[in-house]
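Protein chains in written order, with the working numbering: chain A, 1 to 234; chain B, 1 to 237.
Think of the hints as simulated: they come from the structure by calculation, not from any bench.
We treat Cβ as the ideally placed atom computed from N, Cα and C, and that holds for glycine.
Using C-beta positions, here's what the derived DEER-type ranges look like: (1) R154(A) to A110(B): 19 to 29 Å; (2) S128(A) to A106(B): 25 to 35 Å; (3) F94(A) to Q149(B): 54 to 64 Å; (4) W150(A) to D70(B): 19 to 29 Å; (5) V38(A) to A74(B): 30 to 40 Å.
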Amino acid sequence: MSDLWEGIRQALWLLVTLDADLVEITLRSLRVTLTALVIACAIALPIGAYLAVRRFRARRFTIAFLNALMGLPPVVVGLIVYVLLSRSGPFGVFGLIFTPTAMIIAQVIIIVPLIASIAHQALRELWSDYHDLLISLNTTQRQRMAALLWDGRRALLTAALAGFGRAIGEVGAIMIVGGNIDHHTRVLTTAIALETGKGDFAMALGLGFVLILMAIAVNLAIHIIGRTEQEGRW
Amino acid sequence: MSTLFPLTLTRATIRRKGKRLVGPIDLTLEGQGITIVIGPNGAGKTSLLRMMHGIARLSDGDITWGCDLDTARAAQSFVFQQPILLRRSVRDNIAYPLRLRGIPKADARAQADEAGTQVGLGAMLDRPATFLSGGERQKLAIARAMITQPALLFLDEPCASLDGRATREIEEILQRAAASGTRLIMSTHDMGQARRLADDVLFLLNGHIHEHAPNPHFFDQPQTAEAAAFLNGDIVE
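Generate the whole structure from the sequences, applying the supplied hints.
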C-alpha cells in the first residue's frame, strides 16, 4: 500500500516539477500513438464503410477474420514487424528498426482491425437506414461510403478512441521494435516496464498515473472537439 | 422529359423467398397526370412502385422506358412511406441529390433553401432533420425528391399517419408539381385522396392489376365486384 501512496506522491512531484524526462517521454508517447491513430483511421474507416455497403462473396469471412484480428497479440505483431524491419529482413535497408517509425508501424497493424471492426458495426446500422434512399438516388459506391463516413462521424469517433486506448497502453510490440532506447524510443509504457524491472515501483506507478491522466485528457479533448453529447442524438 | 414514357411492364414479377410479392404485371403508362395505386394491405402496392423505380430486383419479366435505363433512372425520384432522413440539417438533406450531381455546395444550398421554403420548411432549414414532425419529414422528403426536377415522381403512401392539415398541404404540393408537368405515380389508402388527386386509378389485388380506369369512371362505375366492394369499404381478400 505504501508503494501506491509513494507512487501518487512521485507522480504529483513529476507533474508539478515538469520533469524534463517525463515531458519528453510523454510527448513521444503522444506523438507515436496519435500518428499511428491517424494512419490507422485513414486505412480502417474506409474498410469499415466498404464492408457496410458492399456485398461480395468473401464478405462474411472478411468480417469474421477482421473480428478475429481484433485479438491480435501485440507481442506477435512486434515480433513479425521486427523480423521484417531488422537489418537482415526484407525491409532492413530502410533502417527503421529501433526507431519511432517502427513503433508507429506496429501500432497501426494492431489497431487497424479494431477500428475497422467497430466502424463496420456502427456504419452497418446507418446503412440499413440509408439503403433505400441511396439506392434510389443512384449513388456510386464512393458516394455511399462518403455519406456513411460523414453522417456516422460521431459513431466513428468511438472507434477511433478505442483504437487510441489500445495503442497508447500497448507495450509488447513497441518494446520489441522500438527497443526502449533512452531519448530515442522510450515511451511511457516501456518506461514503466523498465522501472518495474528495476524495482523502482514508485517511479513506475508515477509514470502509470501520468499515462492514465493523459489517456483521459486525450479522450476528453476529442469529445470536446467532436462536440458529442451536445447537439442532437448523432 | 417526354422521352421517358411510355413505361412498359411485361410480365414483371417480384418473388422473395419463394413468395410472390407482385406480378406478373402487364402495363403501359403514358407521360401525363397522376396515377393512383390502391388496394388492400399486401396487395403489392409498394412492391409495384419499387419495381417500376428499379430499386427492387425483378424476378421475372421486363420493364422498358422510352429512353435508356440510365437516363430513365436519373429522371425519377422516390418518396418512401417512412421518410428516410440523412443525419444532417434540413437544408443539407434537401441539397443532397444536387451535391451528388456535382453541383457546388453554395449553389446546392441556395436551391435547397428555395425548395424548402416552397414546401413550408423555410423556418427550419438549419435544424437537424430528425427534429422535424411527421408531416414536416414527409415534406422534406418531397422537397428533396423534387429538387432534381424529375420527370417522374413515385410516392409510396406519403400521407399515411399524417393528420388532415398535413395531408392537405402535401396534396397541394403534389398538385403544383403535377401542374408543372411532373408525372406522379402514388399509392394511397385514403379513398378521398385518391378521388381528389387521381387522373387514373390502378386497383391492385393479390399482386395483380385487377382494374385500371380513369378517375371519375373508376369511382362511379367500378367494373369488377372486388373493386366495388373495396370502394364500399368492405374487406377484400
